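J.: Read off the chains here:
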Amino acid sequence: MSRALPADLDCIVAVEQVTDYLEGALPLEARTEFEQHLVTCPGCLIYLRQVRAQVAASGKLGEAQPLAEDVTRKLLEMFHASRGG
Amino acid sequence: MSAAAPELQVLAQDSHLVEALRAGDERAFLGLVRNLHAAMIRFARGFLHSHATAEDVVQDTWAVVLEDIDRFEGRSTLRSWIFGILANLARTRATRDGRAIPLSALGPEQDEPAVDPAEFLSPTHPRWAGHWAKWPEPWPEEQLLSRETLAHVRDAIDRLPEGQRAVIQLRDVEGWSSQEVCESLGLSEINQRVLLHRARSRVRREIARHVERRNP
Amino acid sequence: MPWPLPSGSARADWVEGAPGDGKGVHACSVEDLPYWFDQELWEVELGGPVTRAGRQLVAPRGRLVGRIAAWPAAQDVFTHACIERTRQRVLEGLLEAGCTEDAERLAAQHDLDAQRDDAFAIAASGLAFAGYLFDAIRRRPYPGLCAYIAANAAAPRDGRRGHDEERATQVHWLTEHLGLTRDH
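In order, the protein sequence lines correspond to chains C, D and E. Sequential numbering from 3 applies to the first sequence in the numbering used here. Sequential numbering from 36 applies to the second sequence in the numbering used here. Sequential numbering from 1456 applies to the third sequence in the numbering used here.
Some hints could be false.
Stated by the list, open to error - Here are the simulated distance ranges between beta carbons: (1) D:D132 with C:A66: 25 to 31 Å; (2) C:A83 with D:L180: 40 to 46 Å; (3) E:G1509 with D:D132: 38 to 44 Å.
Hints listed in this document are in silico derivations from the structure and should not be mistaken for laboratory results. All of these numbers come straight from a predicted model, not from anything done at the bench. Note that the Cβ used here is the ideal one computed from N, Cα and C, for glycine as well.
Given only the sequences and the hints, what does the whole structure look like? Please build it.
T.: This is the structure:
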């Protein structure tokens, strides 16, 4: 096949850039190329959405838990002891 | 709104809190504990794997925090400082308990691709070398957020190498900024990003396997 | 981040981009449209100094002027035109390679799915460039991808020039069919 065209971003490379892209760490040129790749690649667009969805799901694991009473008590004792009172 | 604004807000809130703690304000301390304790246990579990040991180490961390609060300089956020103490204590305890932790635990491992190369067309494909052989399938949202899938996500995170787990835990589970995570774990931005990338890739693979098994 | 919409005769609010090099509002000029379009197409007015960054325009602020109503409906027509041009190129390539039978059979096919299957078979027999027709037909629900395939399909025979000509044809088609004017 003709190699007359400059190499476009392919998917193997694009998936390695997803984290940098989401972090805003891609320089402008690379970011433009990445976004252009998404226009021509529904596969990578789905992949990006999966990663976003995964991050959102992970956030659900970070729920606040109530403190056990004995833990609260112990920590309060520690606190007052350290503050000298 | 610049990216710095939320950080400045947190630091400003922190300085009020630190003052209150130094002044012996019990409610301030309880508030801080309620805010962070569960996340600290979750984080410690990444190094220790026993709830009881994790509780111990978290208690020890609070003790150190109270000892050293007068010396806290506010160059990082309070919680990243606290978690930094926690990480050190947890690692020390893990070593003491006989779980060897290589010094390079927080550094990048050898190259691991985000996606199995078999999922892409080979370099010899005449038109689409390096492209998806088959596009990934969108994940149905209700399925992704179901208890069963979340348990798989939790499990996948738990099985990550220590460095990757620490980063993804703080970034994606606890929602910290990358700056705080770098401060807390003593990582460079690039280092942190590599660990985050690998962690997310491994977890993604687990989710994909689970979701695809349900929807062949 | 959703952009504020214009309402009635009132202009939409400006959206400010983030300050800094390369940051700001990104839009594309008509010439680069085939590289960027998606399900919706909006006309945007850019404010402040506009710089070109590769295939994008960057400006400190922008606001929506109006939606290009004709676009969603025009996608199918657009992709069909891309497919037709790709088919012509494949036919020419087949004739040049002396595969008259294949060319004639393909030229006689009117059903898209049948063309697609024929193209696949021809490619499998060793004439890989015919695969571009298979790809273009298969991916016709995705205009951005279809356009990309059509542009790539022009390269085996005509190299960079062929690629750019196909892209220029696409821009011309869009300008005509969507009533777009060149930017000012």
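J.: Evaluate the given range 38 to 44 Å for the C-beta pair formed by G1509 of chain E and D132 of chain D.
T.: Violated, at about 55 Å.
J.: Taking 25 to 31 Å as the hint, is the beta-carbon distance of D132 of chain D and A66 of chain C inside that range?
T.: Given about 28 Å between the Cβ atoms, the range holds.
J.: Take the C-beta atom of A83 of chain C and the C-beta atom of L180 of chain D, compute their distance, and say whether it sits inside 40 to 46 Å.
T.: 44 Å, holds
The structure is inconsistent with hint 3 alone, although it conforms to all the rest.
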